[in-house]
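Asks: Model the full assembly from the supplied sequences, consistent with the hints where possible.
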Amino acid sequence: MTGLIATARALRERGVLGLNARNGEFMLPWNPRRFYPLVDDKVLTKTLAREHGVAVPEVYAIIEIPRQIRELKSKVAAHEEFVVKPARGSGGEGIVVVTGRGPDGYRRIDGTSMDEHELAFHISNILAGIFSLGGTPDKALVEYRVNFDPVFDAVTYRGVPDVRVIVFLGVPVMAMVRLPTRKSGGRANLHQGALGTGVDMASGKTLSAVLRTSIVDVHPDTGVPVAGIQIPHWQTMLEIASRSYELTGLGYQGIDIVLDRKLGPMVLELNARPGLAIQMANRSGLRARLEAVLRDRASLDSAAARIAYARERFAARPA
Amino acid sequence: MSKLHLYVLAGLLVLAGASATAYKVLVLGFPLSPNQRSEIWRVELQLAYDADGGPAKLLLSVPSDTGQVSVMDQGFAARGYGVTTERTRLNERAVFSIADAQGRQYLYYRVVVDLSKPPPAQPQPAPTSQAPRFTPDELLVAHSLVDSARAKAADARTLADVIVERLKAAKPGDEASYLLGRDPMRSQARVPVVAVDLLRLAGVPAEVVNGVLLKPERRNARFVRWLEIYDDDHWTPIYTSDALKAAGPYLLPWWRGPALVAHVQGGKNLATDVTVSRSLEFSTRVAVARQRALEHRLIEFSLFGLPLQAQLLFRTLLAVPLGAFVLVVLRNVVGFKTFGTFMPVLIALAFRQTGLAAGIVFFTIVLSFGLVVRFYFDHLKLLLVPRLAAILIVVVMVIAALSVVSHRLGVDVGLSLGLFPIVILTMTIERMTIAWEERGPRDALQQAGGSLAVAAVCYLLIQHTLIRHLLFVFPELLLIVLAATLLLGRYTGYRLVELRRFRVLAK
Chain A
1 MTGLIATARA LRERGVLGLN ARNGEFMLPW NPRRFYPLVD DKVLTKTLAR
51 EHGVAVPEVY AIIEIPRQIR ELKSKVAAHE EFVVKPARGS GGEGIVVVTG
101 RGPDGYRRID GTSMDEHELA FHISNILAGI FSLGGTPDKA LVEYRVNFDP
151 VFDAVTYRGV PDVRVIVFLG VPVMAMVRLP TRKSGGRANL HQGALGTGVD
201 MASGKTLSAV LRTSIVDVHP DTGVPVAGIQ IPHWQTMLEI ASRSYELTGL
251 GYQGIDIVLD RKLGPMVLEL NARPGLAIQM ANRSGLRARL EAVLRDRASL
301 DSAAARIAYA RERFAARPA
Chain B
1 MSKLHLYVLA GLLVLAGASA TAYKVLVLGF PLSPNQRSEI WRVELQLAYD
51 ADGGPAKLLL SVPSDTGQVS VMDQGFAARG YGVTTERTRL NERAVFSIAD
101 AQGRQYLYYR VVVDLSKPPP AQPQPAPTSQ APRFTPDELL VAHSLVDSAR
151 AKAADARTLA DVIVERLKAA KPGDEASYLL GRDPMRSQAR VPVVAVDLLR
201 LAGVPAEVVN GVLLKPERRN ARFVRWLEIY DDDHWTPIYT SDALKAAGPY
251 LLPWWRGPAL VAHVQGGKNL ATDVTVSRSL EFSTRVAVAR QRALEHRLIE
301 FSLFGLPLQA QLLFRTLLAV PLGAFVLVVL RNVVGFKTFG TFMPVLIALA
351 FRQTGLAAGI VFFTIVLSFG LVVRFYFDHL KLLLVPRLAA ILIVVVMVIA
401 ALSVVSHRLG VDVGLSLGLF PIVILTMTIE RMTIAWEERG PRDALQQAGG
451 SLAVAAVCYL LIQHTLIRHL LFVFPELLLI VLAATLLLGR YTGYRLVELR
501 RFRVLAK
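Sequence order for the protein chains is A and B.
Read left to right, the first sequence gives residues 1 to 319 (this note's numbering).
Read left to right, the second sequence gives residues 1 to 507 (this note's numbering).
To be clear, the hints were calculated from the coordinates, so they are not data collected in a lab.
As the structure is a prediction and not an experimental result, all values here were calculated from the model.
Treat the hints with care, since some could be wrong.
[Stated by the list, open to error] Some residues of chain B that are not near chain A, with every Cβ distance over 10 Å (derived):
| hint | residue |
| --- | --- |
| 1 | Val-95 |
| 2 | Ala-99 |
| 3 | Ser-144 |
| 4 | Gly-440 |
[To be verified] According to the in silico footprint, chain B covers these stretches of chain A (three or more CB under 8 Å from chain B):
| hint | region |
| --- | --- |
| 5 | 9-20 |
| 6 | 280-294 |
For glycine and all other residues, C-beta sits at the position ideal for the given N, C-alpha and C.
Replies: What follows is the structure, given as structure tokens:
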């Protein structure tokens, strides 16, 4: 019992944010319910991002009713590669990545192929809501396939690495690189076993990582150290992150950014309920940073000021 | 909205709840614990007989006017029978009649008595004298026995005692055993009957009394017999055994006379089964009755104004908010993961019908089987509503199969399983599958375990006798539960499991 109290006190001193505090003190007051659909539906998110000039993977087609499936072939004719995904999907379910055409139709990234009919059937399943949260009818999104920057290749086991930035009132407060592992099955979700690497907000260099609840220094599958990797376009990423507040109106949110080889950082999705494991990846408490932003927000009136503030105040301290 | 506002609101709620409760305890005298309830007992009599076919009539003596205890309530349940009551010379009798009875017939009678309130003493008129039932041979022996007893007795009361002692001390071959009969097994049971005849012979009005021992609570209770003499203008009981003497007020006089409690016309093989229990549903009625005169209006608008059936429902219903509160504590303070917000409370309600251990076992079996089927359904790519309906059908079939199997194995619990809420199970299966796919088997099993653990805790609370009693008698306590829940709504501290999760950050 005294041990628990001591732990609680230590966590509080380090400014660690718990779920109750996240929900009650940051999400409830700062995330109005009416803005949630903006981040839960990827089509809405994309439209908004484009309006605000934030880079997102280009949309080739949005399929909302079964009749539109027939038009798919002509819409993607000009693109060798593309991705089909449900607009309200979660956990990477229902995503088909096409990397080219072969004798049997579309060639998929895992080496299998899919003909016109199979793809049409898959899309009609998406529309029926098989992959959507709660099983409600959904839309299918056909979009540009991101060519990942090779910077994380050595510390990624297949799948899609991305950069998660927590943004509070337009200030990027904490970031991590989410690296898929064999255990996570190529997915970048930490609770599925992906590796989360902390990021020094000042330099954009990776720090040590968290795997479930323990802190590690190397990728479990490749054995390569995860610290010290410079994230390219760090300043641009911070700019994208700081703009996401105006985009959605959500005060507290997580933004997932992917790095394209040619096009640079692009927003993949936004999250109104970002998890708390990011604190362990950074070995630092979120609460302390969020409270700092609350204190100083009067002076943070421009995006540039907010980014400068984040780089200065949330720089990693040598352990 | 400031925290102060919340604290003031919570404070007011606690104050209101606590003061209403205190008023009811201190001024109105409501009992704080179920053990303080008054002496309300309930006796159930099951009667069964084989009908001859055709009209049948069952005459049952009922304890409506035994002079020592007040009967609060009585009820008859006999399908197809007409019930009337009539007075005989000694007793009140219920007459069950039916035009056409076939096969084994079952009838039920229930009486609720209050031992704490003896009925007001009424003048008891002298009985008309009754002739003793002796054969001429017996009469001779009886006269000799009475004469020897008279020599040792000062008054009617002592005479009765002496006669009873003499009969109890009967040895084979002596006068007493001649009167009691040869069968030593039956002779003790005949002591009151013979004593009554002897007393009548001596000119003392006497009667056999039959009744039931209320303590201890039990099934298969038996009727016992003693006698009463009329002396000094009232009836005085004379007990023929120490057990009856020791029973004191817990002896319920039922009917007078040497006859059986019931006899049937148009049938045979009459069997009776008596169950005695301390009444729960009537426990607070006494307090209510006591203050009914005092606060008539208050009662009318309280739960006691409801019909009994509804009261029973509320006994459980009122405990549910406490279950919800515990759920809040376990989720937001401890950090249990559960399926759905209130699913554990619903599961806890379902456990009421099966008991805890059996409930958990059945829940686990149905859930695992449902999960397997649900994963198979996944391949069929069914849409939401048909998918849920399909799972529901499977759940019902699994429950039916389980009931049959457990019945075959002699486990009675399976029979109450039919009411196990199938919709809750269906939704749990669906949610668990989604959790399994989206967050992995680890999370899904964690949530399932968490749900069961929370349900078990809620169940133990909901079933707790004292808690049910308190919440039913003092529903205003819910204001305090509400206040505590509101305060927890602003608890933004760490959850217990987070202390473990984030422990690397505390170093």
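Asks: Taking the earlier hints as the rules, which of them does this structure contradict?
Replies: Checked against the structure, the only hint that fails is number 4, while the rest are satisfied.
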